[in-house]
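Take 0 as the starting number for the sequence shown in numbering that gives the first Met the number 0 and just add one per residue.
Take these hints with a grain of salt, some might be off.
Label-pair ranges, simulated between beta-carbon atoms [what the hints assert, rightly or not]: (1) Arg1 <-> Leu89: 49 to 57 Å; (2) Glu74 <-> Ala173: 27 to 35 Å; (3) Ile127 <-> Glu172: 22 to 30 Å; (4) Gly109 <-> Ile71: 27 to 35 Å; (5) Arg1 <-> Thr34: 15 to 23 Å.
Computed cross-link-like contacts, BS3-like style, restricted to lysine-lysine with a CA-CA straight-line distance of at most 25 Å [stated by the list, open to error]: (6) Lys158 <-> Lys122; (7) Lys139 <-> Lys28; (8) Lys174 <-> Lys28.
Bear in mind the hints are in silico, worked out from the structure with no lab data behind them.
Note that the structure is predicted; figures quoted are calculated from it, not measured.
For each residue, glycine too, the CB sits at the ideal point set by N, CA and C.
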Amino acid sequence: MRENDLNTMLRCVLLDGLAARQLTSVAVKRSNQPTDQGPDSGPCLYFFVVNHHRYGSPQRSDEWDKEKEMMIHTESQWIETTYQITGSVLQNPADLESPTANDLIFHASGILQSDNAISQLRKSDVGIYRITENRNIFFKNDRDQYEASPSFDITLTHKDITVTTTPVISSVEAKIIRV
């Protein structure tokens with residue numbers, strides 16, 4: 000499974016879960032995009048890949064395809080892909096009813112642990128290995144105000160499968176050559 004497939008799947012799972020919790024105004028975007036300038040004006044969940052870890056040794060198999068008369072070589076490798084998910088909300092201290100960035104992260108981690116999310120991911124042979132605790136880091140934003148940047152990591156497991164073919168040998172010529 001490729002990174003863009005995982006990105007699309009993770010985004011869809013989060014959007015479906017947010018809609019089920021009546022949080023349709025929350026955007027879900029891949030972080031650090033080359034065309035984006037600055038933070039979103041509304042509530043947003045950002046995600047990006049932290050790393051890909053190969054787990055164990057590759058499994059290799061060879062099968063003869065009678066119809067195509069080719070050897071089919073398959074290699075599969077378990078991969079653990081870790082994402083960081085960060086919440087962003089421009090907070091108005093006078094509005095105590097609007098969700099905070101930490102609330103978004105709390106909902107996102109709950110969504111990804113839900114039965115619906117696990118079922119949706121399993122349909123594509125993706126599993127959830129681990130969701131870490133929520134971190135809440137503060138920084139000074141561009142308006143010289145302190146802003147929360149809560150986040151958590153999630154590790155997804157999936158297989159990377161590579162299939163190659165080897166055509167049949169049509170003729171063999173034996174020669175004895177003097178050395």
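Tested hints:
1. At about 34 Å, the beta-carbon gap between Arg1 and Leu89 misses the expected band of 49 to 57 Å.
2. Our hint of 27 to 35 Å for Glu74 and Ala173 holds, since their Cβ atoms are close to 33 Å apart.
3. Between Ile127 and Glu172 the C-beta distance comes to about 56 Å, which lies outside the given range of 22 to 30 Å.
4. The supplied range of 27 to 35 Å is broken by Gly109 and Ile71, whose beta-carbon atoms lie about 43 Å from each other.
5. Separation of Arg1 from Thr34 is about 21 Å and conforms to the stated range, judged on CB atoms against 15 to 23 Å.
6. The suggested pairing of Lys158 with Lys122 holds, with an alpha-carbon distance near 13 Å, which does not exceed 25 Å.
7. Annotation: proposed proximity of Lys139 to Lys28 holds, straight-line Cα distance about 22 Å (limit 25 Å).
8. For a cut-off of 25 Å, the pair hint linking Lys174 to Lys28 is broken: about 64 Å separates their Cα positions.
Consistency note: the structure conflicts with the earlier hints numbered 1, 3, 4 and 8.
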